[in-house]
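Note that the protein sequences, when read in sequence, are chains A and H. Residue numbering for the first sequence follows our numbering, beginning at 4 and increasing consecutively. Residue numbering for the second sequence follows our numbering, beginning at 13 and increasing consecutively.
Hints listed in this document are in silico derivations from the structure and should not be mistaken for laboratory results. Quick caveat: nothing in here was measured; it's all calculated off a predicted structure. Some hints could be false.
Which stretches of chain A does chain H cover? Using the computed rule of at least three CB atoms under 8 Å from a CB of chain H, they are [claimed, not checked]:
| hint | segment |
| --- | --- |
| 1 | 38-51 |
| 2 | 166-180 |
| 3 | 189-200 |
Below, a list of computed lysine-lysine pairs in the PhoX-like style, where the Cα atoms sit at most 25 Å apart [to be verified]:
| hint | chain 1 | residue 1 | chain 2 | residue 2 |
| --- | --- | --- | --- | --- |
| 4 | A | K13 | H | K180 |
| 5 | A | K168 | A | K112 |
| 6 | H | K80 | A | K168 |
| 7 | H | K84 | H | K60 |
| 8 | A | K29 | H | K80 |
| 9 | A | K168 | H | K365 |
| 10 | A | K177 | A | K112 |
| 11 | A | K112 | A | K175 |
| 12 | A | K36 | A | K13 |
| 13 | H | K84 | H | K22 |
| 14 | A | K55 | A | K29 |
| 15 | H | K60 | H | K80 |
| 16 | H | K84 | A | K177 |
| 17 | A | K168 | H | K84 |
| 18 | H | K60 | A | K55 |
Ideal Cβ positions, reconstructed from N, Cα and C, are used throughout, including at glycine.
Residues per chain, in single letters:
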Amino acid sequence: MPGKTKVLKKPSRTISDQSYVVEVMKGLGVTLKHFFQGTAQMVSGNVPDAVKNPLAEGIATISYPEQKRPYAERWRGVHRLTHRDDGSPRCVACLCCSTACPAQCIYIKPGEYPEGDARRGYERYPVEFVIDELRCIFCGFCVEACPCDAIRMDTGVHVTAFEVKSDFVYDKDKLMSIVSQHGTQNSENTRHEPGDAGHPGIDRLHGGH
Amino acid sequence: MFFWITSALKVLVAVGFLAQIGALLLWVERKQSAMMQSRIGPNRATIKIGSLEIRAAGLVHSIADGIKLVWKADWEPTGGDHFLYRLAPIAAIVPALCLCAVIPFGPTVYVDHVRDLYDPAWATDVATAARSIPLQIANLDVGVLFIFAIAGAGVIGAALAGWSSDNKFSLMGGLRAASQMVSYEVAMGISLVGSMMIFQTVRLDEMVTWQTQHCWGIFVQPVAFVLFVTAAIAETKRVPFDTPEGESELVAGYFTEYAGLKMGMFASGELVEVCVSSALITTIFLGGWQFPFVQLTGLEFHYFGINVSWHWAHFIVVALGFLTFTLKCVVLIFMQLQVRWTLPRFRYDQIMKLGWRMLLPAALLNVLVTGTVLLFLNSSNG
Ligand code: SF4
Ligand code: SF4
């Protein structure tokens, strides 16, 4: 079947479109109308006072902070480091998150557990864990990358405003102290400590690799 | 002595006023856009004195912003040129402040005769003229040319900021600002040539005098008015010409790396420019401080067979002139802010095309037509 060509007509432009000036005037007319309507409404006092009565009917906008838009469960807020049952960080200092981070805003200094600790040889722990929340672009890659569910962004809070830039750099203690939007510091996912039933039991030092 | 004291006073008042105008216009801009978009706008900041709560329709926010800007961490990028980095905000705001020096904001005040009816002899009487206050800081012979020179210097601030910040976005913003301002400077200058030919002067006070005696510049140069307003908005680097700081492409353009008060200087410098360009448009196209049909002597209406001559004391004419000038400026500032909230941003190449391929030829054509008409009128008169 021979293809049929349909020639679309270019939308024509009148001189007033082309000159722009006329159209700008029309646009200004619309916005001016809205401006005067809005001002008349505000001045006439028909609109409730959003400060004294933030939840009143008739306010077109959301009266933050009295009223907040609900965030989705998976909304990415400030990071937190999840805890194990004994309160230590779940993080094993594998550096997956800092490698995945496109903004390169995670700094981790890994450390080995001391001799005799049941975890030695199986995993390391973060001696330092620092996130520069001002540099972070809140992409969530760190959360995706973590094999241990140790870093999460399910806190539901924004980064608060600080006066100096250094306050935006969250250290390990601060990250550990942040709770999820449900108030927990742990993670739903279970975790097997060395020695538990279900723990694979092969360690880095004696695994034969 | 009298001259120095009055001049110093005028400088103090004008610069003091313009330094505050940024805060005021910031509020106007916020509230105006809110009214336009069915929002509420600034309303939370409150000054509490006992049980009295002052919110002033959100005006307190400007004070809060000022305090915040002062107390912000004065962070500087570690790379780049620190001296130029600090110089840039000053270089951006000073030209804007200088511009107001040549704008006449009212008729000359003859201190000895404030209660008398106006007499043209005052201007030539040496003793009276010596004790007169022209409501203009510097009455330069080069007038408009001074304005072009200083307005052209405004680009240095943006370019320096872009260069010294050691940031790609800043550099792009600085380059865009420089090329945009240089391009529109050309169209802006040429669009005024027609007006200069008609007024036969480049002094701003004489331009106002001409308009007082004949008619407003907008009626003899309507095309130049549109061109000049467009170019002036482009010079202020505000929407729809704000590609130098287009936040969707360049974060904040040339002042990306600025914080606190330095950033505030850029922001308020922009608003000062809006104010000054409004004053300039008023002076050149809208009759300056002239209230319609009011001459220096008082109301003079001689049209449609109606002849009214109503003479007023000198100080009334002066006060009316000053108020008229302020009112015209306020309306123009309002319109400029309205344009900013109405139009979407142009693309960068569109801005360049508009400047070089539309405004410049139109301005040149305007000069040609004006010249031809003037030549024709002069030859038929003489
Ligand atoms: S959210 Fe993205 S940018 Fe932020 S720390 Fe995680 S990986 Fe880095
Ligand atoms: S937070 Fe997760 S990904 Fe990052 S180092 Fe710790 S265990 Fe590895």
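Hints, verified against the model:
1. Counting residues of the segment 38-51 of chain A whose beta-carbon sits less than 8 Å from any beta-carbon of chain H gives 5, enough to reach three: the coverage restraint holds.
2. Counting residues of the segment 166-180 of chain A whose beta carbon lies closer than 8 Å to any beta carbon of chain H gives 3, which meets the minimum of three for the stated coverage.
3. For the segment 189-200 of chain A, the assignment as covered by chain H is violated, since 0 residues bring a beta-carbon within under 8 Å of that chain's beta-carbons and 3 are needed.
4. The hinted pair formed by K13/A and K180/H fails the criterion: a straight-line CA distance of about 39 Å is larger than 25 Å.
5. Using a Cα cut-off of 25 Å, the hinted pair K168/A and K112/A holds, with the two alpha carbons roughly 22 Å apart.
6. As the CA atoms of K80/H and K168/A are separated by approximately 15 Å, the hinted pair is consistent with the 25 Å bound.
7. The suggested pairing of K84/H with K60/H holds, with an alpha-carbon distance near 23 Å, which does not exceed 25 Å.
8. Between K29/A and K80/H the alpha-carbon distance is near 39 Å, which puts this suggested pair outside the 25 Å criterion.
9. Restraint check: the Cα-Cα separation between K168/A and K365/H comes to about 41 Å, which exceeds 25 Å; the hinted pair is violated.
10. Of the pairs offered as hints, the one joining K177/A and K112/A holds, with about 16 Å between alpha carbons and a cut-off of 25 Å not exceeded.
11. Taken as a hint, the K112/A and K175/A pair is honoured in the structure, with Cα atoms around 11 Å apart against an allowance of 25 Å.
12. Of the supplied pair hints, the one linking K36/A and K13/A is violated, its CA atoms being roughly 32 Å apart against a limit of 25 Å.
13. Under the criterion of a C-alpha separation no larger than 25 Å, the hint pairing K84/H with K22/H is inconsistent with the structure, at around 33 Å.
14. Proximity of K55/A to K29/A is assessed by CA-CA distance (about 37 Å); at most 25 Å being required, the pair is judged violated.
15. The straight-line distance between the Cα atoms of K60/H and K80/H is roughly 18 Å, inside the 25 Å bound, and the hint therefore holds.
16. With a C-alpha separation of about 23 Å, the suggested pairing of K84/H with K177/A holds against the 25 Å cut-off.
17. For a cut-off of 25 Å, the pair hint linking K168/A to K84/H stands: about 10 Å separates their Cα positions.
18. Between K60/H and K55/A the CA atoms are separated by roughly 14 Å; this keeps the pair inside 25 Å, and the hint holds.
Hint compliance for this structure: hints 3, 4, 8, 9, 12, 13 and 14 are not met, and every other hint is.
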